Structure formats: C-alpha cells, structure tokens
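Trainee: So you can see what is in the structure, the chains are spelled out below.
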Amino acid sequence: MSSPSAPPSRPAGEPPIRPAPAVGAGDDPALERAALAVQAGRDGELNFRLLFERFHRPVERFFARRGVRPEDCLDLTQETFLCIYRGLENYRSEGRLSHWVLRIAATTYLQWVRAGKAAKRAGQAAPPEEAETEAPALRLGSRQLDTLLEGEQRLTLRRAVGELPDQMRNCLLLRLDRELSTPEIATLMRLSPDTVKAHLFQARRRLKERLGAAVGQALEGPA
Amino acid sequence: MSRRPQTIGEPAAPASLPALEPLLGQLAAADAGAPADHPDPGRLIAYHEGRLGAADERALQDHLAACRACSAALLDLDAFESAAAEGAETAPADLATAAAWRGLAPRLDGVRGGEPPSGAARTRERRRTARRPLPPWLRAAAAALLVALPLTGLLIHSRRQVGELHRALAAPQTGVPILYLDSTTRDEGFDAATLDLPQEDGFFLLAVTPAAGVPGERYRVEILDQEGRLVWRDDGVPLSDHGTLRLGFTRLSLPPGRYRIEVTGGEATAPPTAFDFVLRGPA
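As you go down the protein sequences, you meet chains A and B in turn.
Heads up: the first sequence is residues 0 to 222, going by numbering that gives the first Met the number 0.
Heads up: the second sequence is residues 0 to 282, going by numbering that gives the first Met the number 0.
Bound conformation, chain A alone (with noise of 0.2 Å):
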C-alpha cells in the first residue's frame, strides 16, 4: 500500500479544499412540489412518502446522535413526521423545506426533553455527555489510550497531539474521541475526504514515531 505524502495544508485566504454549498442552493424542487402537493390535498400519502424517504434517516439520526434511546428515536421520528404531516397545511414555501424539517425535530426534541422524559429514564438511557471544557489538545482518544497508556506516557502523548498542526490535530481528535466517520470529520472541518484521511495518516505517524509502536498500534482505527 502506498502511503500519501504530506497532507496538503491550506494558507490562509485560500478556498477551502471542500467545495462550499453554494449559498442560497435550493432543495430539489420535486420536494417542495410533493409538500405543496400534500398542503392542497393531492395524493397526499403517496407524496408524504416521498418526504418521509427523503428525511427518514436524517431525522432518526439527529435524534440518535443525540444519545436517544433506539426506541425512543422510532418515537419521536414518528412524532416528527406526525407534525410536519400536520404543519404542511401552514407551510409556506419562502425557506428551504429542509431547514423547515430540521426546526420540527428540533422543536420535537427541545419538547421531549422539556417534558422530563429523558430524565425519568436517566437510570436506563445512557447519560449525556458531559460538556467538555478541555482544551482539545489535552483531550485525548482515552477510549482506546487509555488502557494502554499511563502517567508520564499519557502526558507525553498529550504533548504530543498537542503540537501536531491545528488541522491535524482536530481530525485527529474528532476521529479518536468522537469516534466519527471519514465524511462526517470532512464535512465538519470543511476538507475533502481524501485529505481527511491523509491528515489521520500523518498524525498516526508523528506519534508513532515520537512514541512508540505501542502507542501508533492504539492510534490505528476505521479508514
């Protein structure tokens, strides 16, 4: 396997490697002619559905990324979609229907949480995240490091994600502490899949190298 040069790295001023969304770019219009349609009584269901497969999976994720319970995520996309259902009677279409989307699950969540509802099943659910208030270069992939890693090496290793470049370091601990995908860093730090990746693999090999095998093994995780 060939292993990518240096991750390229942007100067400031430059375009970002990520192709911005144009501003203003509009949602496919089949879409708003199927919320349009559902609002004027027209085959309601069958364009409904065609909101619900569109939206379905985003909607249950938003509550899952939330550390919603699985059923309580089928609950409330249901519910969501119960109020959009009912909400496209008043719907107009001046904003981007799915903006609009986005403010109903919200809401429907905002509600839920309000209503105390995770609260009362607090000794079920897995517990919120705490907020985090570390600086990121002290924070670290302790999942995994941890185990493996402790006192003088850990503050080693926290010095040492600490010097990697700004870009770097933050795929780096969105990957190892949030455990998130390749595309999902991507769109978060506004880079390129491609460079996404080249960045994990640099960052994995300055600390394997300043480290240690031990340590560059424990760093190694999903492509």
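If you are wondering where the hints come from, they were derived from the structure by calculation, not from laboratory data.
Among the clues, some could well be false.
[To be verified] Covered stretches of chain A, going by a simulated chain B footprint (3 or more residues, C-beta under 8 Å):
1) 44-57
2) 60-71
3) 154-163
4) 166-172
Keep in mind that this is a model prediction, so the values were computed, not measured.
Glycine included, each C-beta is placed from N, C-alpha and C at the ideal position.
Could you slot chain B onto chain A? The hints should help.
Mentor: Coordinates of chain B only, in the frame set by chain A:
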C-alpha cells in the same frame, strides 16, 4: 413491528416554529447540558456555507473539535440539506424506512382525518388547476388510449407468465433446487442472508427454518418486498419433520431482490421471527 409513540405533551406547532438560528442555539445548550461559550448559530451556518474568513474559520474548527453539541448541530444541518439537495442520490428506501412508513401511514389519517384542505389551500389549488376544458374529441381519444394500452400490456405479460408457468409445470418435479434460509444465514460482507436463484426456470423450494417449532404445527409466513409490500402470504404452512417450512416459488413469483420474511408460530403465542434476505439472479 411499529409501536404507537408516546405522547410528548403538546406536539410541536409548526405554524409557530422558531427560526433556525435560535433553535440551533437552544439545541447546543440542551445537548451540552449547561450554557457554554458556543458560537452564535448564525456563525455556524455561515461557516457551513463557507462565508467565514480564514481566521474565524480556524477558531470555529477548534471549537468544533472540542464541542460535541455544536458539531452535532452542524452535522445535522449538513445531513438535512444533503438529503433534500437537488440531484441528491436517492437510494431506494431501505427495509427500516419501509417498516417505519408502515408504522406511520395508518396514523396519518388520524392527524388530518381525511378533512378537506383549508380554505386558503383550496383557493390556491383551484387557481393552480384552473384550466380551459379539453375538446371532447381529445378527451375521447385519451380515454381510448387509457383503456387500450394497459390491456395490451396485461395481455402480453399474462401470456409470457402463463407460458413460463406452463413450462415449469410440464417438467417433472424432481431435483427441485432448495434454498435454505434461517435467521442466522449470513455471507461475509452482507447484512442479510444472500441466496442464489437457480439457473433454470421452474420451481425452487425455499426451506425456512423458524427459531423453534413442533413438526406438523402450522405457521403464518409473509414475504414483503423492499417497499414493504406484501409479495406472498400463507396462513397455514406446516413444519416438516426436518424442522423446515417449505415454500414453493418460481423466479417469476419471487424474482431477484431484497425481501423480508416474517414467520409467526401457529399458536400465535411466540413473537414473530423476521429477517431480511436477498435473492440474487443467476449470473
């Protein structure tokens, strides 16, 4: 199996939805558990759209690497926009989406109860559809075409189908290919059992092994396609002495594709067993 969702209090009132930016701020606060030094949601959106300067962008990237709540909000924004984007790849709905739709669809009637659209919606619809009537000769021609075309297609299809079935039935039914299927059948790299259809036309047997059962006991078996539509059903399939349910098909009646099979015990006391499988066409 769909469950009726729990009530979460007064459902969201979409007519009075808050705008996206304040909502993203509330989400970040709710996700982080406590107010924190989050960037203004407007900046988050500007960053997503590539409208921030290099220095602001770098600062925000450092925050995103540290803040689970803001990165979740940004990933959601991207996911919803990507799903709705013009020209987005629309993969066929997977089985989970199809099953979720089956759970939701019956509830839609309850939401609007088949009630007519509001006055404003009716007015918009009337304006949209107000057109000059078609001349009578054109309507007659269209009606004739509407009747003739499906009938011709149906006739051709039926003749082909009957021919294939006739050939299959005329052949002696020995050495019928058997495809074995149970909930644990998995090929490496596949998320569902994958079976290869036989090369020849004609019957094949699908031997399904339910989780547990008594020989002679009858089972209800349903096969649904990827869209969740019922393809095949039998309420009384007996369990053979070998512990399998033997279902006979032809390639016409069960063509290559992805399916879900649901098996319910004859006594209806055991929960239904359901799993996905893929039929691959002959190479």
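Trainee: Compare the structure with each hint and give your call.
Mentor: Hints and how they fare:
1. With 10 residues having a Cβ less than 8 Å from any Cβ of chain B, the region 44-57 of chain A passes the three-residue criterion, so the hint holds.
2. Restraint check on the region 60-71 of chain A versus chain B: 5 residues with Cβ-Cβ distances below 8 Å, three needed, restraint holds.
3. Under the rule that three or more residues need a Cβ within less than 8 Å of chain B, the assignment of the region 154-163 of chain A is violated, with 0 such residues.
4. Check result for the region 166-172 of chain A against chain B: holds, 4 residues qualifying (beta carbon to beta carbon below 8 Å, three or more required).
The structure fails to meet hint 3 from the earlier list, while all remaining hints are met.
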